[in-house]
Amino acid sequence: MSRPPWPYYASLLSLRQSKSKVLCYGEAAKEHRSQQRSRAAKRRSNLEKEELFRKRDDILQLATTANLTPVRAAYVEFLLSIKSCQHQTDFSKDVIKTYGGITKVGRESFCHSVLDGSLSLREHFVAARIFPLSLGQRAMDYIFGPSARYEINSPQNALLLPPIIKKRFDSHQIAIVPTELDTPGLQEWKFFILDKSSLWNAAIFPSGMKFSELHGRKLVFPTGFRPRAGYLYFHYLMSMIVLFRSVKKTGEVRSKFPDTDWPELTKAWATHGSYLRDDMIRSFIKEVGRDLPEELKENALAHCVSLRSDDEVEEVVESLRNMGMESESEDESDDDDDE
Numbered sequence: 001m002s003r004p005p006w007p008y009y010a011s012l013l014s015l016r017q018s019k020s021k022v023l024c025y026g027e028a029a030k031e032h033r034s035q036q037r038s039r040a041a042k043r044r045s046n047l048e049k050e051e052l053f054r055k056r057d058d059i060l061q062l063a064t065t066a067n068l069t070p071v072r073a074a075y076v077e078f079l080l081s082i083k084s085c086q087h088q089t090d091f092s093k094d095v096i097k098t099y100g101g102i103t104k105v106g107r108e109s110f111c112h113s114v115l116d117g118s119l120s121l122r123e124h125f126v127a128a129r130i131f132p133l134s135l136g137q138r139a140m141d142y143i144f145g146p147s148a149r150y151e152i153n154s155p156q157n158a159l160l161l162p163p164i165i166k167k168r169f170d171s172h173q174i175a176i177v178p179t180e181l182d183t184p185g186l187q188e189w190k191f192f193i194l195d196k197s198s199l200w201n202a203a204i205f206p207s208g209m210k211f212s213e214l215h216g217r218k219l220v221f222p223t224g225f226r227p228r229a230g231y232l233y234f235h236y237l238m239s240m241i242v243l244f245r246s247v248k249k250t251g252e253v254r255s256k257f258p259d260t261d262w263p264e265l266t267k268a269w270a271t272h273g274s275y276l277r278d279d280m281i282r283s284f285i286k287e288v289g290r291d292l293p294e295e296l297k298e299n300a301l302a303h304c305v306s307l308r309s310d311d312e313v314e315e316v317v318e319s320l321r322n323m324g325m326e327s328e329s330e331d332e333s334d335d336d337d338d339e
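Sequential numbering of the sequence shown, starting at 1, is according to full-length UniProt numbering.
Keep in mind that the hints were calculated from the coordinates and are not lab data.
For glycine and all other residues, C-beta sits at the position ideal for the given N, C-alpha and C.
Any given hint could turn out to be false.
In silico DSS-like links for lysine-lysine, alpha-carbon gap of 25 angstroms or less [as the list claims (entries may be wrong)]: (1) 167 with 286; (2) 297 with 190; (3) 167 with 196; (4) 104 with 55; (5) 166 with 190; (6) 267 with 97; (7) 248 with 167; (8) 286 with 190; (9) 267 with 286; (10) 167 with 210.
Simulated DEER-style distance windows between Cβ atoms [what the hints assert, rightly or not]: (11) 273 with 220: 29 to 37 angstroms; (12) 185 with 278: 24 to 32 angstroms; (13) 304 with 81: 31 to 39 angstroms; (14) 291 with 185: 36 to 44 angstroms; (15) 311 with 179: 38 to 46 angstroms; (16) 188 with 104: 28 to 36 angstroms.
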């Protein structure tokens with residue numbers, strides 16, 4: 001059998017070189033697009049930070065006046081504008097240990113799933129703070145009082161959630177509310193989908209559970225330990241404010257929330273309990289409560305507690321100065337070494 005002529009090999013070599021150049025160009029273009037996205041995200045982050053610092057400075061200036069009502073209202077508005085930021089260090093280890101620990105099977109690590117109580121791969125769950133780290137411990141102390149001291153990095157302020165559920169929880173599309181009305185003994189909790197229009201038919205896991213199946217599902221805990229109700233209530237209230245404001249802007253309140261859903265939304269948290277500083281909530285409702293339904297305002301006022309201090313303005317100022325206000329892009333990855 002005769003060998004192909006030399007021009008054949010030359011053309012084959014030229015073709016391979018051309019393909020190699022195309023591949024190199026494609027990889028370079030992909031890297032360039034990635035760098036462009038990264039730079040754009042950083043610019044957005046810097047602009048968001050500048051806006052937050054401007055708002056913070058406005059409140060600090062407002063705090064020099066004698067009237068506390070607008071200061072308290074502006075403070076809540078400021079909390080609503082800060083994105084959640086969840087840095088993970090020893091926090092993850094403490095949360096996993098408290099909620100059942102790690103079970104080793106061969107080389108795999110498993111933890112308890114709050115979705116059904118089964119053992120699930122550790123990598124499928126992350127430790128999520130309820131009251132965001134980005135708001136700071138001083139803000140936590142101001143809102144909840146002395147009982148919240150040192151708890152921003154504690155399991156009392158945490159849950160183990162799948163990353164996609166944590167993401168929706170952080171963005172106020174999902175809340176966690178009490179299961180029953182004033183049940184005696186240990187309080188149990190359930191998932192509550194607030195943003196049904198976006199999530200209802202979306203999948204949580206590929207070819208698996210949808211968010212509609214998560215709605216009303218009871219959280220299953222491996223021990224008697226539970227997160228603090230006050231932190232979950234704060235998250236619920238902030239989520240409801242975000243939700244109603246967003247739909248009011250587009251005039252879609254009734255279309256997104258039919259009459260049958262309205263009571264479920266505003267009365268999802270029907271148990272008793274006093275959690276939040278009363279003056280702060282009352283001032284917020286007085287100043288900007290026009291955006292909220294009466295049922296939600298009544299619910300918020302019913303869960304207030306009287307907290308008095310020698311210098312409330314100083315507490316507000318200190319909490320504002322100690323807020324990290326980090327952007328989401330600065331989050332550290334979850335710590336895999338949880339044992």
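Comparing the hints with the structure gives:
no., hint, verdict
1, 167 with 286, "31 angstroms, violated"
2, 297 with 190, "22 angstroms, holds"
3, 167 with 196, "15 angstroms, holds"
4, 104 with 55, "48 angstroms, violated"
5, 166 with 190, "14 angstroms, holds"
6, 267 with 97, "34 angstroms, violated"
7, 248 with 167, "23 angstroms, holds"
8, 286 with 190, "31 angstroms, violated"
9, 267 with 286, "21 angstroms, holds"
10, 167 with 210, "15 angstroms, holds"
11, 273 with 220: 29 to 37 angstroms, "22 angstroms, violated"
12, 185 with 278: 24 to 32 angstroms, "28 angstroms, holds"
13, 304 with 81: 31 to 39 angstroms, "22 angstroms, violated"
14, 291 with 185: 36 to 44 angstroms, "37 angstroms, holds"
15, 311 with 179: 38 to 46 angstroms, "40 angstroms, holds"
16, 188 with 104: 28 to 36 angstroms, "29 angstroms, holds"
Consistency with the previously given hints fails for numbers 1, 4, 6, 8, 11, 13, ordered from lowest to highest.
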